[in-house]
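With chain A fixed as given, assemble chain B onto it according to the hints.
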Amino acid sequence: MIVYLLTFILFVMGLYCLVAKKNVVKKVIGIVIMDYAVNLLLILVGYRRGGVAPILLKGMDRAKFTTQSVDPLPQALVLTSIVIGLGVLALMVALCIRLYEKYKTFDMSEIRRLRG
Amino acid sequence: MHSLLPLFIAIPLGAAFLGLIIAKLWRGVGGLFAFLSTLSLMVFSFLLLGSSPSIYKMGGWIPPVGINLVSDGLSTLMLVVINTVAFLAIVFSIKYMELYTAKPKYYALFMLMMAGMNGVALTGDMFNLFVFLEIASIASYALVAFGCEHEELEASFKYLILGGVASTLVLLGIAILYSTTGTLNMADIAQSLSTHGANKASLFALALLVMGFGVKGALVPFHAWLPDAHPSAPAPISAMLSGVLIKVLGIYALTRVIFHVFGFTPTLGAILMGLGGLSMVVGALLAIGQDDLKRLLAYSTISQVGYIILGLGLGTPLGIIGGLFHLLNHATFKSLLFMSSGAIEYSTGTRRLSQMGGLNKRLPVTTAGSTVGFLSVSGIPPFNGFFSKLIIIVACVAAHQYIYAGIAAFVGLFTLLYFLRVQRNLLFGDLPESLQGIKEVPFLMCFSLVVLAVLCLGLSFLYPLMSKTLLASARDALLNTSAYIKLVLGG
Numbered sequence: 183m184i185v186y187l188l189t190f191i192l193f194v195m196g197l198y199c200l201v202a203k204k205n206v207v208k209k210v211i212g213i214v215i216m217d218y219a220v221n222l223l224l225i226l227v228g229y230r231r232g233g234v235a236p237i238l239l240k241g242m243d244r245a246k247f248t249t250q251s252v253d254p255l256p257q258a259l260v261l262t263s264i265v266i267g268l269g270v271l272a273l274m275v276a277l278c279i280r281l282y283e284k285y286k287t288f289d290m291s292e293i294r295r296l297r298g
Numbered sequence: 063m064h065s066l067l068p069l070f071i072a073i074p075l076g077a078a079f080l081g082l083i084i085a086k087l088w089r090g091v092g093g094l095f096a097f098l099s100t101l102s103l104m105v106f107s108f109l110l111l112g113s114s115p116s117i118y119k120m121g122g123w124i125p126p127v128g129i130n131l132v133s134d135g136l137s138t139l140m141l142v143v144i145n146t147v148a149f150l151a152i153v154f155s156i157k158y159m160e161l162y163t164a165k166p167k168y169y170a171l172f173m174l175m176m177a178g179m180n181g182v183a184l185t186g187d188m189f190n191l192f193v194f195l196e197i198a199s200i201a202s203y204a205l206v207a208f209g210c211e212h213e214e215l216e217a218s219f220k221y222l223i224l225g226g227v228a229s230t231l232v233l234l235g236i237a238i239l240y241s242t243t244g245t246l247n248m249a250d251i252a253q254s255l256s257t258h259g260a261n262k263a264s265l266f267a268l269a270l271l272v273m274g275f276g277v278k279g280a281l282v283p284f285h286a287w288l289p290d291a292h293p294s295a296p297a298p299i300s301a302m303l304s305g306v307l308i309k310v311l312g313i314y315a316l317t318r319v320i321f322h323v324f325g326f327t328p329t330l331g332a333i334l335m336g337l338g339g340l341s342m343v344v345g346a347l348l349a350i351g352q353d354d355l356k357r358l359l360a361y362s363t364i365s366q367v368g369y370i371i372l373g374l375g376l377g378t379p380l381g382i383i384g385g386l387f388h389l390l391n392h393a394t395f396k397s398l399l400f401m402s403s404g405a406i407e408y409s410t411g412t413r414r415l416s417q418m419g420g421l422n423k424r425l426p427v428t429t430a431g432s433t434v435g436f437l438s439v440s441g442i443p444p445f446n447g448f449f450s451k452l453i454i455i456v457a458c459v460a461a462h463q464y465i466y467a468g469i470a471a472f473v474g475l476f477t478l479l480y481f482l483r484v485q486r487n488l489l490f491g492d493l494p495e496s497l498q499g500i501k502e503v504p505f506l507m508c509f510s511l512v513v514l515a516v517l518c519l520g521l522s523f524l525y526p527l528m529s530k531t532l533l534a535s536a537r538d539a540l541l542n543t544s545a546y547i548k549l550v551l552g553g
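Residue numbers (our numbering), protein chains in the order written: chain A, 183 to 298; chain B, 63 to 553.
No lab work stands behind these hints, which were simulated from the structure alone. Wrong hints could be hidden among the right ones.
Unchecked claim - Examples of chain A residues lying across from chain B (beta carbon under 8 Å, computed):
no., residue
1, Leu200
2, Asp217
3, Lys246
4, Leu259
5, Ser263
6, Ile264
7, Gly269
8, Tyr285
Positions of the beta carbon are idealized from the N, C-alpha and C atoms, including for glycine.
Next comes chain A alone, as it looks inside the complex (with noise of 0.2 Å):
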């Protein structure tokens, strides 16, 4: 139950840097943070304490290995989702780049040109 409780702080807090913080690229932190959060959460809900690897060999005990083994799905799940976050990381982080070299700053909110 702790571990759970963990990871909604770690998704907490990464929404509050998100929110709280100026900096375009502390808010990147933040989206990010929150996405780990996630992934972890996603890996905790296949998770089997004192579970084996999902790789049945030669010889393995079908329905042992049933009973031990952690579920594989949200492993794969995570895989994915990290390549996604990975994919928006690289999109956000050129993004402040561009915004630094037009506003020539980071300060969220010096960047409003857009109102109403």
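Just chain B now, with coordinates in the frame of chain A:
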């Protein structure tokens, strides 16, 4: 027809990456590939229209183990909308994008966005839905920033932050859903939830998914990014974003999850209607004072999307027909309006209403196109917007939701009011000195405008036919969850 389904994802993906590679040798290839693939996909989506619901099993894995693509009535409707608007947007882009550089990258991103949207409309797997959602979203973030000027970058960053949070919420919802049901297949989740009943965890997952898709679909109070992002993109992309993207990533995904995975309940319907009513009112009120033409159109999108959600939230057959018909109509007239705003910007070089006037003397085709768009969005008979709004209002009255019927009628009048202002400032009156030398836009741009304008008028006359075929099959697909489960798990 199930063998066609993977092509909706494979063709645009292939066109995106092959186009980028070949563009090193010949720069014109991006436009050609985009044109050919959207044309073929449009034809394929019309071929799907008459066929019965079908399912394609990726790699031959039997559901619920493997990923499957499902085309039922609702998916077919979305595919027709996506691919038709995309084809016209590409035709429009060929000339319009001469204002920009790096055209091969533009077409590659456009094709990626198409692949993502077609994937969202077809997939029958929750995690796969998330993956396609992200493909379409990332491409759209980059396309919003395509001009690389101050406003574009700022709008794209805001969109990216809010969209990123939304995607995280969707993924969190999917993770919780997986942990309670042990499966990712939508039909299997629906079966498991209906036998075991919804528990607190699955309700929390539903709340997360509604929030996530709500941000993607720009429902008030999740709408803050839309009025920045949609006007900043190049005009054909604005047409795609407003006309199609928010409908597929927001409304379609929301309805699919609510109707087919969790099962529609009156409480959920009340939530949808509340969101819809709020979007309608807030969008219309904020649209009134805008001076930037595209920003005004973006606020009007928020308001019109409210109608769709209101119709779907009623949950009655008539309400759903009205909502889906308005979805179809909004895709046509809002892409028409955004493309005509692009045509106006192409000729005059400005989007400020206060700097324009009297365009009807110089731009006859654009004027005709935008007038049809204005009349449709304000709900003037015989244009299509009138009929779908009428159906939604009648459905509200039939479901004894008199307050929502009143709101819908009132917002309709308001829409008429602000579009009359636009039309007077933009198209009639005196032509300013600075705009004396403007010329009509090239043929290819006019072509898209004329086709969309004809569709705006034609859809209202086609309604009696469509209400029995296209819209009826989409409605039946939405209302009949057990048929969906049987199609996926039994087939």
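A quick look at each hint next to the structure:
At about 7 Å, the closest approach between the beta carbon of Leu200(A) and any beta carbon in chain B falls short of 8 Å, and the interface hint on this residue holds. Restraint check, Asp217(A) versus chain B: the minimum CB separation of about 6 Å is within 8 Å; hint holds. A cut of 8 Å between beta carbons decides the hint on Lys246(A): the least distance to chain B is about 20 Å, and the hint is violated. Taking 8 Å as the C-beta contact cut-off toward chain B, the hint placing Leu259(A) at the interface holds, the least distance being around 6 Å.
For the restraint placing Ser263(A) at the interface with chain B, the shortest Cβ-Cβ distance is roughly 6 Å, inside the 8 Å limit, so the hint holds. Annotation: Ile264(A) was flagged as interfacial toward chain B, and the flag is violated, the nearest CB pair being 11 Å apart, outside 8 Å. The beta carbon of Gly269(A) is positioned within 8 Å of a beta carbon in chain B (closest approach about 6 Å), and the interface hint is therefore held. A hinted interface residue such as Tyr285(A) counts as satisfied when its beta carbon comes closer than 8 Å to some beta carbon of chain B; here the least separation is about 7 Å, so the hint holds.
The structure shown violates the earlier hints numbered 3 and 6.
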